[in-house]
Amino acid sequence: MKLLSLFTTIGLLVGGTALGEDYSRYYRVTPIPTPGDVNGQVGGIDLLPDGRMAVAFHHGEVGFIDVRRNEWTIFARGLHEPLGVVALSDSSIMVMQRPELTKITDTDGDGIGDLYETITDEFGMTGNYHEFAFGPVRDANGDFFISLNVASNGAGIREEIRGDWLEVGMERERFYTEEWKDVKKEAGRMYSRVPWRGWIMKVDGETGEMTPWASGFRSPNGLGFDADGNLFATDNQGDWIGTSPLYHVEEGNFYGHVASVPWMEDWDGRDPLEVPTAEFDQMRTRPALQFPQGIVANSPTQILTIDSDEFSTFNGQLLVGEMNYPRLLRVMMEEVAGVKQGAVVNLLDGGDLNLGNHRFAFDERGKIVVGQTHLSWAGGQGMQHIDSTGVVPPDVLDISLTNDGFDLTFTKPFDVETLENSEHYAVASYYYEYHAAYGSPQMDKSESEPVSVVASADGTKVSLKLPELKAGYVYQLDLTGLKDADGEPILNPMVCYTINRLRDGTAPEPQIPGS
Amino acid sequence: MSPKSSCLWRCLLLGIVVIPSLLSAAERKTIEMKAPLRFDPPRFEIEPGTKLTIRAVNRDSTDLPHNILFTTPGNLQTLVTEAMALGERGPELEYIPQSDDVLAASTLLKAGNREDLKFTVPDTPGIYPYVCTFPGHGMLMYGAMYVGVEMPPLEEDSNVPDSAKMDLDVLTERRPSMQRMFLPDIGPAAIAVALPGDQNYAWDAGVCSLRYIWQGAFIDARNHWAGNGNALAKVLGDIWWEAGDSTPLQIFETGSSTDERSVEFHGYRKQDEQPTFLYSVNGIAVEESIEATDSGLKRHFTLPNEGQVTLKPGDSAISIEGATSEGDLLQFTAPISFSIEIPAPSN
Chain U
1 MKLLSLFTTI
11 GLLVGGTALG
21 EDYSRYYRVT
31 PIPTPGDVNG
41 QVGGIDLLPD
51 GRMAVAFHHG
61 EVGFIDVRRN
71 EWTIFARGLH
81 EPLGVVALSD
91 SSIMVMQRPE
101 LTKITDTDGD
111 GIGDLYETIT
121 DEFGMTGNYH
131 EFAFGPVRDA
141 NGDFFISLNV
151 ASNGAGIREE
161 IRGDWLEVGM
171 ERERFYTEEW
181 KDVKKEAGRM
191 YSRVPWRGWI
201 MKVDGETGEM
211 TPWASGFRSP
221 NGLGFDADGN
231 LFATDNQGDW
241 IGTSPLYHVE
251 EGNFYGHVAS
261 VPWMEDWDGR
271 DPLEVPTAEF
281 DQMRTRPALQ
291 FPQGIVANSP
301 TQILTIDSDE
311 FSTFNGQLLV
321 GEMNYPRLLR
331 VMMEEVAGVK
341 QGAVVNLLDG
351 GDLNLGNHRF
361 AFDERGKIVV
371 GQTHLSWAGG
381 QGMQHIDSTG
391 VVPPDVLDIS
401 LTNDGFDLTF
411 TKPFDVETLE
421 NSEHYAVASY
431 YYEYHAAYGS
441 PQMDKSESEP
451 VSVVASADGT
461 KVSLKLPELK
471 AGYVYQLDLT
481 GLKDADGEPI
491 LNPMVCYTIN
501 RLRDGTAPEP
511 QIPGS
Chain L
1 MSPKSSCLWR
11 CLLLGIVVIP
21 SLLSAAERKT
31 IEMKAPLRFD
41 PPRFEIEPGT
51 KLTIRAVNRD
61 STDLPHNILF
71 TTPGNLQTLV
81 TEAMALGERG
91 PELEYIPQSD
101 DVLAASTLLK
111 AGNREDLKFT
121 VPDTPGIYPY
131 VCTFPGHGML
141 MYGAMYVGVE
151 MPPLEEDSNV
161 PDSAKMDLDV
171 LTERRPSMQR
181 MFLPDIGPAA
191 IAVALPGDQN
201 YAWDAGVCSL
211 RYIWQGAFID
221 ARNHWAGNGN
231 ALAKVLGDIW
241 WEAGDSTPLQ
251 IFETGSSTDE
261 RSVEFHGYRK
271 QDEQPTFLYS
281 VNGIAVEESI
291 EATDSGLKRH
301 FTLPNEGQVT
311 LKPGDSAISI
321 EGATSEGDLL
331 QFTAPISFSI
341 EIPAPSN
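Chains as they are written, first to last, in our numbering: chain U, 1 to 515; chain L, 1 to 347.
Next comes chain U alone, as it looks inside the complex (with noise of 0.2 Å):
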């Protein structure tokens, strides 16, 4: 397919020119054909009891495939883009589309699903394209999260709707009646019109009954679980959103996009597009961690805790899929004066990876099956499988923020002559602004070298001392000239991480405009 080649080749150039690094040493991509009368655009992946894997696709049809064997059975078709699913038994799965939470199951044992039960519809839907539903992902207690994209005003809605209208901002039959260009500035840049957009819901998991769980939400692709059973959430920059962030969701918290806020039940019915900014930056819980937009990621696709024998090194941490690079991105968390905060690093950056990497799973040896998509966005399309050739990388295991500065652990020992060298960490840091404009800056920002940098003897660690460290910004480490006891480069040498609070437990200052 000629579209899939271009990433292809577009991807082994990335691959072979980015840096010098060779990440053919350390991973193996191989592609998984999918179904040749389906189109290839992953939403969802799950591993099945059975070792199968479940994938839902774009148009609609959820497969299963041996992969060993490579053989795909269809189980189930017709779905309304369909961006996530959780396999519950070898016969039945649940998938998130978007009228609806629904549960597919092989009854009558021919291996192809024939009952589909809406466990939950309860939320409104305009009709407006960028209303999209993910999840599902599933807790320790077996209930359900699900996340709803808002409306964009890029387009209006529907004559039908389904749900109460929302009476809060532009009347409704100027949605109708008006030219749309002059009218939707005032809809709003995103809006949240009909129940629960731009919120996280809960489901029960016996019951079906859904429940809000937490808002300020405005394109909430990925949903998972860390280790301990924390959720968390990825979100696309955008308005009031100034790069891409990471979330950890707790109940009750609202995170930052204004448009679902008239949803809360304490809410006195303003309209959110004039409120005053610093009212919801008090609201407001910041992200955990923020991807530099245009050099991390550009839109953080699903989350997934390492948990394989094949990236041992790494498990416990966070996997996290990005579209518009052809990478995967490693998360490392840790809990400063009680708040999550942390780093984020590329696992794996170019060679044989397309773009577009939107849902992953590890199949029953441990391998990432990733699927790719593109919609309308930049991205690509396909399955392909990662494995491990079973040589550690040389890498970045863990990172701690300490008084003044950052402690490194690496994946094996590292040259510590490379490591005692000052000049081997660039450090930049920058904060994102939190405004109704779409995206920010990198702002305020500065470069320095660390005042001191004190190696382990055996080279597996290092502390570094830096001039300051101010809550709310971004830092970004710049590692290249780190080499293991090998002589091998440092694989990933970009390191940024998100300082929510000081070890002293300072917060950081209001970051809107005028401040």
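Hint data in this document are derived by calculation from the structure and do not stem from the laboratory.
Ideal Cβ positions, reconstructed from N, Cα and C, are used throughout, including at glycine.
Keep in mind that a hint or two might mislead.
[Stated by the list, open to error] Pair by pair, the computed Cβ-Cβ distance ranges are: (1) U/Gly36 x L/Thr258: 48 to 58 Å; (2) L/Asp238 x U/Glu167: 31 to 41 Å; (3) U/Ile74 x L/Thr258: 37 to 47 Å.
Following the hints, complete the assembly by docking chain L onto the known chain U.
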């Protein structure tokens, strides 16, 4: 030669030099950046040496930023790769690589903004690519400036992306089948069903009712799927029945209030790609399947649970075994099954 005549010769020579450059064509062209990730136009022809002003306008309805960069023949992939490799320097450089192969480039334009690029089209004929080098866009968002070279037919042009051509996905029709989809003249939770034969219907999971029936080919959802989801699928064939304002099936527990029609959609059972819809009306469980007959369509209803039920037939001709009439209402005991015929118009 006398001074006067050499001056005359010099003027003539000057004229020969000056006049052609005055005559060299100046042209203006607008290139729009649009969703999904494409230039409009994706290609154009121009004479070598033309003084060209390109007005680049970002009309992306999904609000993505774009730039445009013109390069020399064969260098599309090289420039895209170099732009990706800019990494963290990308933003300050507008994602434009510093390369001798860049003929002209814009800054990164936000949606709604525009910028004029002025440059002279090279004298050497060839196919000069233009591309957006914002990370991830270059694979799909490019075009071709044909300099002194004739453009081939669009379908055969390998210098433009698939988005520039007719949609390459062949419209495949599966029958029988069903597809949840954005359809016209129905709520957003719509289900299109292709029956065996040539009848099709649209069922609304939001109001739990049949909305319209058409004969002929099924639907064309390619624009919906290929675009950002804004486009509705097209209903192919001829619509010959619409629910319109007629009330959908209205049932309630005998003795309770009549005006509400509170519905809950429970899903469907599927057999041979045909659904039996499962829903509740006013708390009463209903199963509905629809089949094509020789004379039209037939809706089969089953109320599987025990109870005393009242039904308001409205416009439909319904006969229910053992039912008693109470004015314009039918009262009966469930569990029960009954049908409604919808005759196709006779030709």
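Here is how each hint holds up against the structure:
no.: 1; hint: U/Gly36 x L/Thr258: 48 to 58 Å; in the structure: holds (54 Å)
no.: 2; hint: L/Asp238 x U/Glu167: 31 to 41 Å; in the structure: holds (40 Å)
no.: 3; hint: U/Ile74 x L/Thr258: 37 to 47 Å; in the structure: holds (44 Å)
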